[in-house]
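Peer 1: Residues per chain are reported as follows:
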Amino acid sequence: MNIKDNIINYLYDKNDVICLYDDYFYVYNYKSLDSFSDKRVVVDLTTKKITITGESLIIVRITDNELMISGSIAKVEMKKINER
Amino acid sequence: MNDKIKIKIFEDAHYTIKYLYRKHLNVYNVEYSKSGNIYTIDAGALDKLNPESIEIISYMGVKGFLFKIKRHRHFIISIILSIILMLLLSNIVVDIDVIHSDKEIRTLLEDELQSNGIHPFMIKKSFNRLQEIKEKIKDRHPDKIEWFEIESVGMKYIVRVEERIITEEKEEKSYCDVISNKDAIVLSLQVSSGQNKVTENDYVKKGSTLISGSVTFNEENKAYKCADGVVWGNTWYTVSVSVPLKHKTKIYTKNTQKNIGIEIESKLYEIFRVHLDKYDTDKKKIFSFGNFTLYSETLKEYKTVEKEYTENEAIDEALKLGREKLYLNLDKDASILSEKVLQTNRYDSIIEMDIFYSVKEIISEQVEREIPKEEEGVKSDEST
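Just so you know, the protein sequences line up as chains X and V, in that order. So for the first sequence, our numbering puts the first residue at 1; every next one is plus one. So for the second sequence, our numbering puts the first residue at 1; every next one is plus one.
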């Protein structure tokens, strides 16, 4: 990553951020919510697709660039979109 | 606008979130509950939702603050009014207490304070204003007020005052005598200045010189000075008194009644009905607020009984009255040496008595004299 990309990323905050806690899954700068149910949530990032599976999954926060999922998370799977 | 709002949406959570997501509405928090999930969204997004399917729980931010104020307006208004009332009460003067033993000074100061705007039920004045008023009053009465202080104690102004006492300079008299102001027998003399003309047990007539300011030696006037001294004499008085044999006296019965009295502007009102016929009242102050005073009272019933004196009682009463009558005409230093009943006349309803009194009192009085013209060369001189 060159200096220009660093500056752009700093100014526009374009990097994806994913955080995983015991019962929470947080993603920043997601692109779209593909699908969700209480057992499975699929979220698209710019270059990746994340699939969260578990029990009693609920969305506790959903804004333009933030998504927070709560519940008993069993598995988080991430794939590059061009792999599909 | 960053104000947020909490709303309850009764639809299924998945459906609602999808709906909100598709409408590009930010959901900042979702509280899941069986009675309906609560979503925190932007207040501006409320227009995009169907008002029939939502319930506003609370506002956040400025709007939320205003919403809370509106909801608790009665409580907030009562708190504000209480604070205003408390500030008002703590800055109101309900009573002004001028502390001085002389009623004249108290009245003077009360009138002056009143005319300067210091009266009960006024707003407290600032320290500087009080100082100005103090100076103004002191300047107006330099001969009466030495110093005074206005102290604010609770809801009262306590005014402490010091009276200015101006001792009049004794006028220097060049030549004076001390004369007798009554016919008397001289009992004792205290000569401060001058030459005594009488001695103890001398009989003196009214106006006769007791102490002379003209100092003589070998029958020659050596000096004129102002005679001074005190001469005690034995004087005599006859007092006539009459006492009615029948008189009315109060006899207290054992009946008493407790009551509460309210005094408003010098008028006393009893709270409970009084069932006593004639009574005297013992008052004990409970509370005072401006012109309003609350008393605890004990009413004691009495009966008026007409009695007739026996002869001895009537004589005792007449002697008592005679002494009282005599003392009214005597100075405070005078004392009765002896008394004697001269004559007693008893009628059907009255007893009359003439009483003779022998009294010890000051009989001396200073009078100014003129130095004879031919003697003007002889001056007052302490060395003589």
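No lab work stands behind these hints, which were simulated from the structure alone. It cannot be assumed that every hint is accurate.
[Stated by the list, open to error] In silico DSS-like pairs for lysine-lysine, Cα to Cα no more than 27 Å straight-line:
#, chain 1, residue 1, chain 2, residue 2
1, X, K79, V, K156
2, V, K325, V, K248
3, V, K325, V, K250
4, V, K63, V, K8
5, V, K325, X, K14
6, V, K8, X, K14
7, V, K156, V, K103
8, V, K8, X, K39
[To be verified] Interface residues of chain V toward chain X, partial, derived using beta-carbon atoms under 7 Å:
#, residue
9, Y19
10, Y28
11, N29
12, I54
13, I56
14, Y59
15, M60
[What the hints assert, rightly or not] Partial chain X-side listing against chain V, Cβ under 8 Å, derived:
#, residue
16, L33
17, I58
18, I59
19, V60
20, I62
21, T63
22, D64
23, K80
Yeah, the Cβ is synthetic: ideal placement off N, Cα and C, and Gly gets one too.
Peer 1: Now tell me if each hint is right for this structure.
Peer 2: Structure-based check of all given hints:
Distance restraint check for X:K79 and V:K156: the Cα-Cα separation of roughly 84 Å exceeds the 27 Å cut-off, and the hinted pair is therefore not satisfied. Between V:K325 and V:K248 the CA atoms are separated by roughly 21 Å; this keeps the pair inside 27 Å, and the hint holds. Between V:K325 and V:K250 the alpha-carbon distance is near 24 Å, which keeps this suggested pair within the 27 Å criterion. The hinted pair formed by V:K63 and V:K8 meets the criterion: a straight-line CA distance of about 18 Å does not exceed 27 Å.
Under the criterion of a C-alpha separation no larger than 27 Å, the hint pairing V:K325 with X:K14 is inconsistent with the structure, at around 117 Å. Only pairs whose Cα atoms come within 27 Å are accepted, and V:K8 paired with X:K14 is rejected, the gap being roughly 33 Å. As the CA atoms of V:K156 and V:K103 are separated by approximately 20 Å, the hinted pair is consistent with the 27 Å bound. Pair hint V:K8 plus X:K39 holds up; C-alpha atoms about 24 Å apart against a cutoff of 27 Å.
Taking 7 Å as the C-beta contact cut-off toward chain X, the hint placing V:Y19 at the interface is violated, the least distance being around 11 Å. Here the hint on V:Y28 is kept, as its CB sits about 6 Å from the closest CB of chain X, short of 7 Å. Given hint, V:N29 at the interface with chain X, holds; its Cβ is 6 Å from that chain's nearest Cβ, closer than 7 Å. Hint status for V:I54: violated, given a least beta-carbon distance of 17 Å to chain X, over 7 Å.
The criterion of a C-beta within 7 Å of any C-beta in chain X is not met by V:I56, whose closest approach is roughly 20 Å, and the hint is violated. A hinted interface residue such as V:Y59 counts as satisfied when its beta carbon comes closer than 7 Å to some beta carbon of chain X; here the least separation is about 19 Å, so the hint is violated. Hint on V:M60 is violated. Least Cβ distance to chain X is approximately 15 Å, over the 7 Å limit. Interface restraint check for X:L33: the shortest CB-CB distance to chain V comes to about 6 Å, inside 8 Å, so the restraint holds.
Using the Cβ-Cβ criterion of 8 Å, the hint placing X:I58 at the interface with chain V is satisfied: the shortest such distance is roughly 6 Å. Using the Cβ-Cβ criterion of 8 Å, the hint placing X:I59 at the interface with chain V is satisfied: the shortest such distance is roughly 5 Å. Interface restraint check: X:V60 against chain V, minimum CB-CB distance 5 Å, threshold 8 Å, status holds. With 8 Å as the threshold, the beta carbon of X:I62 comes within range of chain V, its nearest partner Cβ sitting at about 5 Å, so the hint holds.
A hinted interface residue such as X:T63 counts as satisfied when its beta carbon comes closer than 8 Å to some beta carbon of chain V; here the least separation is about 4 Å, so the hint holds. Contact between X:D64 and chain V, as hinted, is supported at the beta carbon level, the nearest pair being about 6 Å apart and thus within 8 Å. Because the closest C-beta pair between X:K80 and chain V is about 24 Å apart, greater than 8 Å, the hint is violated.
The structure does not agree with the numbered hints 1, 5, 6, 9, 12, 13, 14, 15 and 23 stated previously, though it agrees with the rest.
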